[in-house]
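Colleague: Hey, can you work out the whole structure from these sequences and the hints?
Going by this note's numbering, the first residue of the sequence shown is number 1, and it counts up by one from there.
Errors might be hidden in some of the hints.
Below, simulated PhoX-like cross-link-like pairs (lysine-lysine); rule was C-alpha separation at most 25 Å, straight line [stated by the list, open to error]:
1) K32 with K70
2) K70 with K27
3) K72 with K32
4) K32 with K69
5) K27 with K69
Everything labelled a hint here was simulated from the structure, so no lab data went into it.
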Amino acid sequence: MNIKILLFTALFFILLLWLLPITLGIKTALNKNRSTHWMWLGGNPILGWITYTVLNFLSELIECRNCGKKFKNNVKSCPHLIFVIFNRHTKI
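Modeller: What follows is the structure, encoded as C-alpha cells:
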C-alpha cells in the first residue's frame with residue numbers, strides 16, 4: 001500500500017476524531033444556552049469527547065429577559081429583580 005495514502009487516511013481519522021467532538025460540543029452548548037468555552041478541553045481528544053458527553057446530559061439554561069442572568073429550567077422568577085421568567089415550556 002502506498003505510504004502517502006496510509007498517512008492521509010491516518011491523518012483524516014485523527015482530525016475527524018479530534019475535531020468532531022469540538023464542533024458537536026459547541027453546537028450542543030449553543031442549543032442549551034451553555035458556555036462554549038468548555039470545548040477548549042477539546043485540545044485533548046479524550047477530554048473533548050468527555051466534555052461533549054457531559055454537555056449532552058446537562059439541562060438547558062434559561063435567561064432572564066431583564067438582567068441577562070442564566071438560571072436552571074425550574075426557576076419561575078428572577079431572584080435578583082423579582083421579575084417572572086417565562087421559558088418556552090410555560091403556558092401563559
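Colleague: Are the hints correct? Go through all of them and say.
Modeller: Quick rundown of the hints versus the structure:
1. The hinted pair formed by K32 and K70 meets the criterion: a straight-line CA distance of about 11 Å does not exceed 25 Å.
2. Annotation: proposed proximity of K70 to K27 holds, straight-line Cα distance about 18 Å (limit 25 Å).
3. A threshold of 25 Å between alpha carbons decides the hint, and for K72 with K32 the separation of about 11 Å falls inside it, so the pair holds.
4. Straight-line distance between C-alpha atoms of K32 and K69 comes to about 14 Å, which keeps the hinted pair within the 25 Å bound.
5. For the proposed pair K27 and K69, the alpha carbon gap of about 21 Å is at most 25 Å, so the pair holds.
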